[in-house]
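Peer 1: Sequence:
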Amino acid sequence: MAERLREIRKLKKLTQEDLAKYLNLNQSQIARYEKGELSLNANLIKKICLYFNISADWLLGLKDNFN
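Per our numbering, residue 1 is the first one in the sequence shown, and the count goes up by one each step.
Please keep in mind that the hints were generated in silico from the structure rather than gathered at the bench. A quick note: this is a predicted structure, and the numbers were derived from the prediction, not measured. Hints are not guaranteed to be accurate.
As the list claims (entries may be wrong) - Heads up, simulated EDC-like pairs for lysine to aspartate or glutamate below, C-alpha to C-alpha not over 16 angstroms straight-line:
hint	residue 1	residue 2
1	Lys46	Asp57
2	Lys35	Glu3
3	Lys21	Asp57
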């Protein structure tokens with residue numbers, strides 16, 4: 001999940017700070033999520049999927065395509 005979060009953020013050309021603002025987090029938290037040091041909770045997964053218009057299955061590594 002950490003790698004996919006980083007992948008979609010970079011694909012959409014967003015910084016960690018951009019994503020942090022949307023999620024009401026700080027940049028260091030996004031960095032820790034992307035490194036796999038923190039686990040995303042269900043609420044954050046939902047927000048990320050809505051923001052990037054991706055499926056939770058993709059973010060969780062259960063599917064190979066975004067939607």
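Peer 1: Which hints from the list above does the structure break, by number from lowest to highest?
Peer 2: 3
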